[in-house]
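Since the structure of chain A is already known, use the hints to place chain B on it.
Protein sequence lines correspond, in order, to chains A and B. Going by this note's numbering, the letters in the first sequence line up with residues 1 to 109, in that order. Going by this note's numbering, the letters in the second sequence line up with residues 1 to 231, in that order.
One thing to keep in mind: the hints can contain errors.
[Claimed, not checked] 25 Å max Cα-Cα, derived SDA-like pairs, lysine to any residue:
#1 LYS6/B <-> LEU91/A
#2 LYS37/A <-> VAL211/B
#3 LYS60/A <-> LEU74/B
#4 LYS203/B <-> VAL64/A
#5 LYS92/B <-> ILE20/A
#6 LYS125/B <-> GLY31/A
#7 LYS92/B <-> GLY30/A
#8 LYS93/B <-> ILE19/A
#9 LYS33/A <-> TYR98/B
#10 LYS93/B <-> LYS60/A
#11 LYS6/B <-> LEU219/B
#12 LYS11/B <-> CYS58/A
#13 LYS203/B <-> LYS37/A
#14 LYS37/A <-> VAL186/B
#15 LYS60/A <-> LEU206/B
#16 LYS60/A <-> LYS92/B
#17 LYS11/B <-> ALA95/A
#18 LYS60/A <-> THR158/B
#19 LYS37/A <-> ASN217/B
#20 LYS125/B <-> ILE27/A
#21 LYS60/A <-> LYS6/B
#22 LYS60/A <-> GLY159/B
#23 LYS37/A <-> LEU219/B
#24 LYS125/B <-> VAL64/A
#25 LYS6/B <-> ALA96/A
#26 LYS60/A <-> LEU198/B
#27 LYS60/A <-> TYR54/B
Since the hints were made in silico from the structure, they are not lab data. All of these numbers come straight from a predicted model, not from anything done at the bench.
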Amino acid sequence: MISTGRAIIIIVVVAVCTIITRAIPFILFGGKKEVPKRILYLGRVLPSAVIGALVVYCLKGIDVTTAPYGMAEFISICLVAVLHAWRRNALLSIAAGTVCYMVLIQIVF
Amino acid sequence: MREALKYSFIKTIPVMCGYLFTGLAFGLLLQNIGYSFIWAFFISLFVYAGSMQYVLVTLLAGSFGLPTVVIMTLLINSRHAFYGLSFIERFKKMGRLYPYMVFSLTDETYSLLCATVAPQNNKEKWTYFFIALLDHFYWIMGSVAGAIIGNLITFDLTGIDFAMTALFMVIFVEQWIDAKSHIAAVTGVLSAIIFLILIGPDKFILPSLVVTVLILNLLRNILEEKKVEGV
Chain A
1 MISTGRAIII IVVVAVCTII TRAIPFILFG GKKEVPKRIL YLGRVLPSAV IGALVVYCLK
61 GIDVTTAPYG MAEFISICLV AVLHAWRRNA LLSIAAGTVC YMVLIQIVF
Chain B
1 MREALKYSFI KTIPVMCGYL FTGLAFGLLL QNIGYSFIWA FFISLFVYAG SMQYVLVTLL
61 AGSFGLPTVV IMTLLINSRH AFYGLSFIER FKKMGRLYPY MVFSLTDETY SLLCATVAPQ
121 NNKEKWTYFF IALLDHFYWI MGSVAGAIIG NLITFDLTGI DFAMTALFMV IFVEQWIDAK
181 SHIAAVTGVL SAIIFLILIG PDKFILPSLV VTVLILNLLR NILEEKKVEG V
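Excised from the complex, chain A in its bound form (with noise of 0.2 Å):
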């Protein structure tokens, strides 16, 4: 194990180098100046790209080529979109996927 010392330090710079990522956007745009078009623009159509990528993000670990090929992460997805689409009920369709998908890795896969 590390020393005591050595820990806190590690864990004081992980902290700050979150905050500088999340910060990076304020402190080059947030001044009391105005803000470009542009950042505005892309401020206002990235939260669906992003969200869009988040969702691929969470399914990364999949593996497409070997049993059972993502099935439980596939049936789940599609499950909670089409219920959201037809109910637009965030926690009914959250709670149906999630559900769904704990009975089919601990059960079925």
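Below, chain B without anything else, positioned relative to chain A:
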């Protein structure tokens, strides 16, 4: 304010499921390499970054140089640098809460805030803050509980963290239905999938986001004409 808290609580229930469980796993891992719940508490309070805290367990267990620690943290969390772009104007309305809002902008808080009305009045301002605060609270609770009682849990919770994947999907569908153009959403997803296939699961997110920003930048004239709203 109470109303805002109640509304935020309901909004954050999926994150609660996800954070309590993934926090629990983190606390358990940390405890297994010899760090008590006090460490779990302070790390989750000050670092507050899901995947990075799992890496931190590895960093605390081994002997890594500080430059490695810095580079790994910046790379793993680099996707966060894109989140703030959507909140530069909105967070200005947050007053004294501004620094905390920037600090606590995790994947999950970001996506919940994207799906919440921009703060104009006091109630909406508190809603923004409570969403951020509750998420942070769940994460701390989960990790402390993991370090204390993680070893005692016997029933199988495997897969409950899928709640967060489902949450992202729900917000994606919401935005898809509301959007006048799907170009941005399709660009984000395709770019992520292509880079995932090309360079594998560990490093794909940063280049895919960079390319997404470049493409959306080029498409500005088309997308601005349609008056596409992000939310």
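- Within 25 Å, alpha carbon to alpha carbon, are LYS6/B and LEU219/B? The hint is violated at about 40 Å.
- Query: Is the hinted pair LYS60/A and LEU206/B satisfied, with a Cα-Cα distance of at most 25 Å?
  - Reply: Given pair LYS60/A, LEU206/B holds - Cα atoms ~14 Å apart, limit 25 Å.
- Restraint status (C-alpha distance of LYS6/B to ALA96/A at most 25 Å): holds (23 Å)
- Compare the distance between the alpha carbons of LYS11/B and ALA95/A with 25 Å, and conclude whether the hinted pair is satisfied. holds (13 Å)
- Given the proposed pairing of LYS60/A with THR158/B, does the C-alpha separation stay at or below 25 Å? Given that 25 Å is the threshold and the Cα spacing comes to 17 Å, the pair holds.
- Would the pair LYS60/A and TYR54/B pass a check requiring their Cα atoms to be no farther apart than 25 Å? Answer holds: LYS60/A to TYR54/B is near 17 Å, not above 25 Å.
- Query: Does LYS92/B pair with ILE20/A here, judged by a C-alpha cut-off of 25 Å?
  - Reply: holds (18 Å)
- Message: For LYS125/B and ILE27/A, compute the direct alpha-carbon distance and say whether it is at most 25 Å.
- Response: holds (21 Å)
- Message: Check whether the Cα positions of LYS60/A and LYS6/B lie no farther apart than 25 Å.
- Response: violated (34 Å)
- Does LYS60/A pair with LEU74/B here, judged by a C-alpha cut-off of 25 Å? With Cα atoms ~20 Å apart, LYS60/A and LEU74/B stay inside 25 Å; holds.
- LYS37/A paired with VAL211/B [C-alpha distance capped at 25 Å]: OK: LYS37/A and VAL211/B at ~20 Å, within 25 Å.
- Task: Verify the proposed pairing of LYS203/B with VAL64/A, using a straight-line Cα cut of 25 Å.
- Result: Within the cut-off at roughly 18 Å; holds.
Hint compliance for this structure: hints 10, 11, 13, 16, 21, 24 are not met, and every other hint is.
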